[in-house]
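Fit chain B to the supplied structure of chain A, relying on the hints for placement.
Heads up: the protein sequence lines correspond to chains A and B, in order.
The opening residue of the first sequence carries number 38 in this note's numbering; numbering runs sequentially from there.
The opening residue of the second sequence carries number 6 in this note's numbering; numbering runs sequentially from there.
No lab work stands behind these hints: they were computed from the structure.
One or more of the hints may lead you astray.
Covered stretches of chain A (in silico footprint by chain B; criterion: 3 or more residues with CB under 8 angstroms from a CB of chain B, positions within the stretch not fixed) [stated by the list, open to error]:
hint : stretch
1    : 112-121
2    : 126-134
3    : 140-154
4    : 216-229
From the structure, some residues in chain B lie toward chain A, with a derived Cβ separation under 8 angstroms [what the hints assert, rightly or not]:
hint : residue
5    : Pro86
6    : Asn87
7    : Glu198
8    : Ile205
9    : Lys357
Heads up, the beta-carbon is just placed ideally off N, CA and C, and yes, glycines get one too.
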Amino acid sequence: MDQEKIITVKNLSKKFGDFIAVNDISFDVYKGEIFGFLGANGAGKTTAMKMLIGISKPTSGEALVANFDVKSQAEMVKKSIGYMSQRFSMYDDLTIKENITFFGGIYGLSRNQIKEKTTKLVTELGLEDALNKLVGDLPLGWKQKLSFSVALLHEPKIVFLDEPTGGVDPITRRQFWEMIYAEAHKGTTIFVTTHYMDEAEYCDRVSIMVEGKIEALDSPKNLKQQYNVASMNEVFLKLARNIE
Amino acid sequence: MLPILFVLPFVQLLILSNAASFEVKNIRFSYIDQDHSKVSRELISKFQSSDYFNIIENFSSKKEANLQMQKGKVDVILEIPNHFEHNLLTDKKTNLSVSINAIDGAAAGIENVYINQIIRNYNQKIRSQLYQYNDASFVQPQSIISIPSFWYNNTLNYKTLMVPGILVLLVTMLSLFLSAMNIVREKEIGTLEQINVTPIKKYQFIIGKLFPFWVLGLLILTVGLTIAKLVFSIPMLGSVGLIYFFTSVYLLAILGIGLLVSNYTETQQQAMFIAWFFTVIFILMSGLFTPIESMPNWAQQITLFNPIRYFVEIIRMVMLKGATFSDIAKPFSIIAFYAFVINCLAVWSYKKTN
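With the rest of the complex left out, here is chain A (with noise of 0.2 angstroms):
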């Protein structure tokens, strides 16, 4: 393939004491993919999804995103992406324009800049009634969707969802994923995390994690194909079954 490698990673692990949480994996992101990054509770995604956001330093082994590496330019690393995490991460005593000024201005926007994206974001989701509203006071699938937008504010070249429409209706689930397929659609890199595999079906390419290994990585179609089943599902079943 002839694409432009944004996320690089080698033999990448992490140890918790004697316990392996992330076992020597290695996998290429390219640009303007949806990756989705599967694994049952506890097969180590969040881990792994931690180290190359650098909020966690890797035991061994290397990951470049946006080409800095997690280990010594984490705050570059910082700087080029997006993340929006399974807990709902924005401060819920803010407004909703308070919040989206706060992280504007963490990621150094002005003012102007940040006036502009509020107005936009607002328009795009139909909250301009609730602007001056606490995000507390927002239903959940609001807070997601809200959330990633402002993961976005920045532009970054890469977003880093972790579970992001865990407890979210199906219909909010789609409009999220409509929001995802958009943003893709302009060139950022999605790197989600999921349990459902309905959802997985609509990545470009899965990998699929168990006991910390990467035990498959390819599209959903080939990977159905490999494996001979009708869905994601499936798939997802029988590597799991294979390791008990």
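Showing chain B alone in chain A's frame:
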């Protein structure tokens, strides 16, 4: 929340400054008068006329009096023996027995002094009377009266001592607790992780977190000094500016401790527990309630690490003695060094990457 932050210290200052007094008053005094003489009645009336003693009862027997002491109904029992007046007049010498409830040893000591003073005064008076009556060649009895002069607080007003100290506690506790809770709270709700993923610099985040509490601490100090002046008429001999200058540095040390606590804890409960642990030690070893000079040597050494100790010392020196910067230069530089070290530790232990 903000009104509470200002109202609570206000209430605390008003209540504690009036309540936290070491003056021993309202001593429950009882007596057993077995003599029933003019002299014994006169002696008892001396106690009656004192503001410090409330006469509870005249017991008829020692046994009954002891029972009431055991029940905690009386603090002091004065026993005037039979033939008290007679012995005094004939032998010029007699004995009195005083029993004091010493569960609170400090209070008992003070009560003892009061009682002895009254008895001694009365003794002096009766002696001069006796000389007058009996001795033909009367000589005015010589007695030395010492007139103590109390410097810096010449009316021995307890509030003058306590109000500045309690003000120190309020400023300290509020800023310590709020700063310790704050970052831990962000850990709990998950916003700290989001912050750690942003390119924000460590010092930016820490200054952003601590600056509001620094301002708040100075505001509380302002409220407290105003109350001290208006409500308690505490003198302010030194410069107010000096107190603000010291407090602004002192708050850095306290906020640094708060930050350090929140770096090493995962939940608000843990942070609260540790903050309390330090606060209690800091307060009890600050010289606010008990003089540091009377602590054992090892305990005195520990107080050297107690920031409250220096603040209590300095605020009293400046407000009551009019100390200038050169007088407080030593404790000031200790606090400045303290603030520096603590904040270095706090910044070092705050990690964006684990």
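For each hint, the structure was consulted:
1. For the stretch 112-121 of chain A, the proposed coverage by chain B is satisfied: 6 residues have a C-beta within less than 8 angstroms of a C-beta in that chain, meeting the threshold of three.
2. Note: the stretch 126-134 of chain A has 4 residues with beta-carbon separation from chain B under 8 angstroms; the three-residue rule is met and the coverage holds.
3. Counting residues of the stretch 140-154 of chain A whose beta carbon lies closer than 8 angstroms to any beta carbon of chain B gives 4, which meets the minimum of three for the stated coverage.
4. Only residues whose beta carbon comes within less than 8 angstroms of a beta carbon in chain B count, and the stretch 216-229 of chain A has 0; fewer than three means the coverage is violated.
5. Interface hint at Pro86/B: violated, since its Cβ lies 74 angstroms from the closest Cβ of chain A, which is beyond the 8 angstroms cut-off.
6. For Asn87/B, the interface hint is violated, the least distance from its beta-carbon to any beta-carbon of chain A being 78 angstroms, above 8 angstroms.
7. With a least beta-carbon distance of about 6 angstroms to chain A, the hint placing Glu198/B at the interface is held under the 8 angstroms criterion.
8. Because the beta carbon of Ile205/B sits about 5 angstroms from the nearest beta carbon in chain A, less than 8 angstroms, this interface hint is met.
9. Proximity of Lys357/B to chain A holds as hinted, the smallest CB-CB distance being about 7 angstroms (cut-off 8 angstroms).
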